[in-house]
Amino acid sequence: MEVLSQMMQLLFSGLTLGAIYALIAVGFVVIYNVTGILNFAQGEFAMLGALTCISLVNMNVPLWLAIILSIVIVAAIGGIFERTALHTARKSSVTTLIIITIGVSIALRGLAILIWGTQVQTLPPFTDNTPISILDAVLLPQNIWAVGISVVILILMMYFFNYTFVGKSLTACVVNPFAARLMGINPEKMSLFAVIVSAGVGALAGTVIAPISGATYDMGMMLGIKAFVAAVIGGLTNAPAAIAGAFLIGILEAFTEGLWSSGLKDVVTFSFLLLILFVKPEGLFAKASGKRV
Amino acid sequence: MNSKSLKLIYNNSILGPIIFFVLLFCVPLVSSSNYLFSILTMVGFYALVCIGLTTLTGYAGQISLGHAAFYGIGAYSSAVLTGTYGLNPWVAIIIGAIISAVVALIVGIPTFKLKGYYLALATLGFGIIVYTLFKELSTITGGSNGFFGIPPISLFGFEFITDTSYFYLIWIFVFFAILFTRNIIHSRIGRGLRSIEGSEIAADAVGVNLMNYKLQIFVLSAIFASVSGSLLAHYVSFINPDLFVANTSIFFLIMVIMGGKGNIWGSIVGAAMYVLLDEILKHYVPMLLPNVGGQFEIVFFGILLVLTLIYMPDGLVPRFEKLISKFKKKTPTNGALQSTISANATGGDNK
Amino acid sequence: MSNKRPILSVENLTKVFGGVVAVDNVSFTVDEGEIFAVIGPNGAGKSTLFNMITGVLPSSSGNIYFQEKRLNRKKPYQIAQMGITRTFQNLEVFDNMSVIENVMTGAHITMKTNILTAGLRLPSVKKEEIKTMERAIEALEAVGISDLAYEMADRLPYGSQRLLEIARAAISNPKLILLDEPMAGLNSEESRQLVEVILKMREKGMTFLFVEHDMETVMSISDSIVVIDNGVKIGEGTPEEIYQNPQVVAAYLGDEEEEGVEAYA
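Residue numbers (full-length UniProt numbering), protein chains in the order written: chain R, 1 to 293; chain L, 1 to 351; chain E, 1 to 265.
Read the hints as simulated data drawn from the structure, not as lab findings.
Each residue gets a CB set at the ideal place from its N, CA and C atoms; glycine is no exception.
Take the hints with a grain of salt, since some may be wrong.
Pairwise CB distance ranges (calculated) [to be verified]:
1) E:184 - L:323: 57 to 67 Å
2) E:147 - L:161: 56 to 66 Å
3) E:147 - L:12: 17 to 27 Å
4) R:90 - L:156: 38 to 48 Å
5) L:106 - E:73: 17 to 27 Å
6) E:112 - R:181: 28 to 38 Å
7) R:93 - L:105: 19 to 29 Å
In silico DSBU-like pairs for lysine-lysine, Cα to Cα no more than 35 Å straight-line [to be verified]:
8) E:75 - R:91
9) L:322 - E:112
10) L:322 - E:175
11) E:200 - L:115
12) R:265 - L:115
13) L:7 - E:112
14) E:200 - L:7
15) E:126 - R:280
16) E:175 - E:200
17) R:265 - L:7
18) E:127 - E:4
19) E:126 - L:113
20) L:113 - E:200
21) R:280 - E:204
22) E:175 - L:113
23) L:7 - E:204
24) E:131 - L:7
25) R:91 - L:282
26) E:204 - L:115
27) L:322 - R:265
28) R:168 - L:7
Produce the entire structure from the sequences given, and follow the hints as far as they go.
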C-alpha cells in the first residue's frame with residue numbers, strides 16, 4: 001500500500017502542475033496560431049495574475065472578485081503589450097521577435113519587483129484546505145480546484161474555438177489569413193484578441209497556483225518555459241495536444257522529483273524536450289505527415 | 001587587377017583595430033580607477049563571447065539561447081582542473097575549450113536540423129540542462145555553494161591579479177578574436193555563412209554544405225565562450241552556477257542584437273552598452289526610488305531593449321554606419337554607380 | 001553539334017504526393033552543349049521535375065543520371081559540387097551581400113579556404129580571394145552588370161537580379177545550368193538581354209536546361225523541347241516538331257488561350 005499511496009500522491013501533484021502548465025501552454029498555442037509569434041513573455045502573465053490577485057485580497061476584495069479583476073487587469077496588460085510591441089514588430093525576423101518578447105518579460109519582471117518586491121507572497125486557498133485522504137494519499141482541495149478550473153476553462157476554450165463565430169474566425173485566420181480578410185475578418189483584431197485571451201488565461205493559471213506554491217516576481221520564467229515544452233510536445237499549433245503535453249510534463253516532473261531527485265527534474269524535463277525536438281519535432285501527437293520545421 | 005581591388009569589397013585594414021586597441025590600452029595611463037578597470041574587464045569577457053555568437057547569429061542567422069553553457073563549461077573546466085587537480089591554468093583553458101568544442105559538436109548535430117523557434121527552444125533547453133548539472137554535480141562543481149579558490153593565471157612568472165593587468169589580458173584575447181573572426185567573415189567561409197542567412201535554398205544550390213557550416217561556426221563560437229568563461233574563473237577566483245543561468249545566455253544574445261548583428265564591432269559595442277547601462281541603472285535608478293529593494297532597474301532595461309529592437313532592428317553599429325555613409329555618399333567615389341542604380345531602380349525597392 | 005554526348009538523362013522519373021501523381025514516368029536526355037527546354041501549362045509538374053533534378057525533392061521512382069553518375073538521393077549542395085548549378089524562379093539572391101560577393105559565393109565549390117586558414121589569413125587565402133574576385137568581375141561582365149558590382153544585391157532592379165543569379169550560377173564553370181522560369185517577371189527589353197547572355201554562354205560550350213512558361217523564348221532559343229502536361233510527357237523534339245504536334249497544341253490551347261502556341265499560329 002505504501003508504494004501505491006506514494007504513486008497516488010505523485011500523480012496528484014503531477015496533475016496539478018500539469019493543469020497549470022496546460023493553461024499557459026494553451027495561451028502559447030493560441031498566440032502562435034494567430035500571429036506566428038512564440039511569446040516568451042507568456043509566463044509573466046501568470047506571475048502578474050498571481051501577484052495582482054494577492055494585492056487585491058490584501059485590500060479586502062473578496063477572493064472571487066479579486067480573481068476576476070486580476071484576470072481583467074492582466075488581459076488589459078496583454079492588450080497593451082500586443083499593440084505596443086508585438087503589433088509594431090510583427091514583420092521582424094524570428095530572432096528579433098524572440099528578443100522583443102524576452103525584453104517585455106524582463107520589463108514585466110522589473111515592474112513586479114517595483115510593485116511587490118522580491119518576497120514570496122501567498123494567497124489563501126480558494127476554499128477550506130482540509131486534506132482529503134484517498135488511498136492513503138493526501139489530496140488538498142486547492143489541487144482539485146487547480147485541475148477542475150483548468151479542465152473547465154480548457155473545455156470552454158475548445159467550445160469557443162470550434163463552435164462560436166469569433167472562435168471560428170480566429171481559426172480561419174490561422175488556416176488562411178488572406179481568405180479570412182476577404183470574408184471580412186480582420187486578422188489584426190484577431191491578433192489583439194488572441195493575446196488578450198491568452199493573457200487572461202495565463203493570469204488565471206497564476207491565481208490558481210499562488211495558494212499552492214506562493215508567488216514571486218520571478219515565478220513566470222520557469223512556468224513559461226515548462227509550458228513551452230508542453231506546447232512543443234503538442235506540436236505548437238495543436239491545443240489539445242499541448243494540453244496532453246502539459247499533463248505529461250507535470251506528471252514526469254512530479255515523479256522525477258518524488259522518485260529520484262528534485263534537483264535533476266529540470267534535466268529530465270529538458271532532455272525530454274530535446275529528445276522530442278530531435279526525433280519528432282512536429283510534436284508527439286502529430287500524425288506522421290507534413291513537416292513544419 | 002591587383003591586391004588593392006579586394007579593398008573595394010572588404011576593409012581588411014589592420015589600422016582601425018590597432019588604433020582602437022592602442023587607445024584602449026592607453027586608458028591606464030590616464031586613470032587608475034579599479035572600478036573602471038573592473039568594468040572594462042567585464043566588457044572584455046562579454047565581448048569575447050559575443051564575437052563568437054555574432055558570427056553564429058549575425059552572419060549565419062542561427063539563434064542560440066544556450067551560450068552561457070559554454071561560458072560555464074569553460075569556467076568550470078578551469079576551476080576544477082586548476083583548483084582540484086592543480087593543472088596549469090593555460091592547459092586548463094585549452095582543455096576547457098576542447099570540451100566545449102566536443103559538446104558543441106555533439107549537441108549541434110541534431111540541433112541544427114532545427115530552425116527558428118525550435119532552434120531557440122532546443123538551445124534554451126540545452127543551456128538549462130547544463131546549468132542544472134553545474135548545480136547538481138556538487139561533488140565536482142561545489143553545487144549551489146559555488147567553487148572557491150580558483151588560482152590566478154600567470155605568464156612567465158607574472159600573476160594577473162590586479163584589475164588593470166587582467167584588463168590587458170582579456171582585451172588582448174578580444175583583439176585576436178576580432179582579427180581572426182574578421183578574417184573569416186571576409187573570406188570564402190564568411191560568404192558561405194552569410195549565404196545561409198541570405199537564402200538557405202540558394203546557398204545549398206551553390207554548393208554550401210549548410211549543416212557543416214552551421215556546425216563549424218557553432219563550435220567556434222563555443223570555443224570563444226569557453227575561453228572567456230575560463231578567463232573569468234581565474235579572474236574572480238570564485239564561481240557559482242548562477243553565473244551561467246538561461247538569463248545569461250539571453251543577455252549575450254541581447255548584447256549581440258543591440259550592438260548590431262552582422263557586425264563584429266557590434267559585439268564590443270553591445271557588451272559595453274550592456275555593462276554601462278547595467279551600472280548606470282544600478283546606481284541612479286535607486287536614487288529616484290530609494291525605498292524599493294531588488295533589481296527592479298531591469299524594468300528600464302527591458303523597455304529600452306524593446307524600443308531598440310522596434311526602432312533600430314539592425315542594432316547600434318549599423319545604424320551608426322548608415323549615418324556615416326550618408327555623409328560619405330556626398331563625395332563622388334560612388335557617384336557613377338549611384339546614378340546607374342537610380343536610373344534603373346524604378347520599382348521593387350520596398351524592403 | 002555533330003558529336004552528341006548525353007550529359008543528363010532522366011529515366012522514368014515519377015513523383016507522387018500523397019496519392020497525386022505530379023510527375024508520371026517522364027524520360028528525356030539532355031546533350032552536351034544544347035539548350036534544352038521543359039515546357040507545359042501551369043501545374044503540369046515542371047517545378048516538381050526541376051526540384052527532383054536539383055535534389056530539393058526526393059523522387060518516388062525512376063533515375064536521374066548526370067554524366068553516368070546517379071543523382072537520386074544526393075543533396076542539393078552535392079549536386080552543385082558535381083557541376084550542376086541553377087537559378088530560381090522567385091529570385092534568391094543573397095540580399096545581405098554585395099553583388100560581387102554574391103557571385104564570389106557562387107565560386108564557393110572552386111575554392112579551398114577553410115575556417116582555420118581563413119581566420120589566420122594565410123597568403124594562399126589572399127591569393128585565392130583575389131583570383132576569385134577577378135573571376136567574379138569577369139562573370140559579371142559576361143552578363144553585362146559589372147558596373148553594379150559593389151552595390152548591395154537587394155538594391156538591383158529585378159532584371160539585373162536575374163542576370164546576377166546567372167553570373168552566380170556560371171562562375172563555378174558548371175557543366176550544366178538549370179534555369180527555373182528565367183523570363184518570369186521580365187519586360188521585353190530585359191528578356192532580350194537575358195536571351196543574349198544565354199546564347200553567348202552556350203557558344204562557349206555551356207549546357208542549359210530550362211523550365212519556362214514563355215513560349216516565345218522557348219521556341220526561339222531551344223535546341224530541344226520536352227512538353228509535359230498533367231505530369232506526363234506529351235511531346236518531344238525540336239521547336240518545329242513541337243509546334244506541329246497536335247497533342248501539344250491541344251494542351252496549350254485548352255489551358256490558356258491568350259498566350260502560348262496560339263500566338264505563333
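A quick look at each hint next to the structure:
1. E:184 - L:323: 57 to 67 Å: Once the Cβ atoms are compared, 38 Å apart, the range 57 to 67 Å for residue 323 of chain L and residue 184 of chain E is violated.
2. E:147 - L:161: 56 to 66 Å: holds, 59 Å
3. E:147 - L:12: 17 to 27 Å: Given range 17 to 27 Å: holds, Cβ gap about 24 Å.
4. R:90 - L:156: 38 to 48 Å: Check failed, 57 Å falls outside 38 to 48 Å.
5. L:106 - E:73: 17 to 27 Å: Given range 17 to 27 Å: holds, Cβ gap about 26 Å.
6. E:112 - R:181: 28 to 38 Å: violated, 52 Å
7. R:93 - L:105: 19 to 29 Å: holds, 26 Å
8. E:75 - R:91: Since the Cα atoms of residue 75 of chain E and residue 91 of chain R sit roughly 31 Å apart, the hinted pair holds (cutoff 35 Å).
9. L:322 - E:112: Status holds; Cα separation ~34 Å.
10. L:322 - E:175: violated, 41 Å
11. E:200 - L:115: Roughly 41 Å separates the two Cα atoms, so the pair is violated.
12. R:265 - L:115: This hinted pair holds, its Cα atoms lying about 26 Å apart.
13. L:7 - E:112: holds, 21 Å
14. E:200 - L:7: holds, 31 Å
15. E:126 - R:280: Outside the cut-off at roughly 44 Å; violated.
16. E:175 - E:200: Given pair residue 175 of chain E, residue 200 of chain E holds - Cα atoms ~15 Å apart, limit 35 Å.
17. R:265 - L:7: violated, 54 Å
18. E:127 - E:4: violated, 38 Å
19. E:126 - L:113: holds, 33 Å
20. L:113 - E:200: Distance of about 41 Å is beyond 35 Å: violated.
21. R:280 - E:204: Given pair residue 280 of chain R, residue 204 of chain E is violated - Cα atoms ~49 Å apart, limit 35 Å.
22. E:175 - L:113: holds, 30 Å
23. L:7 - E:204: Status holds; Cα separation ~31 Å.
24. E:131 - L:7: Satisfied, since the Cα-Cα distance of roughly 14 Å is no more than 35 Å.
25. R:91 - L:282: Measuring from Cα to Cα gives roughly 33 Å; hence the hint holds.
26. E:204 - L:115: violated, 41 Å
27. L:322 - R:265: Violated, at about 49 Å.
28. R:168 - L:7: The hint is violated at about 58 Å.
Hint check: violations occur at hints 1, 4, 6, 10, 11, 15, 17, 18, 20, 21, 26, 27 and 28; the rest are consistent with the structure.
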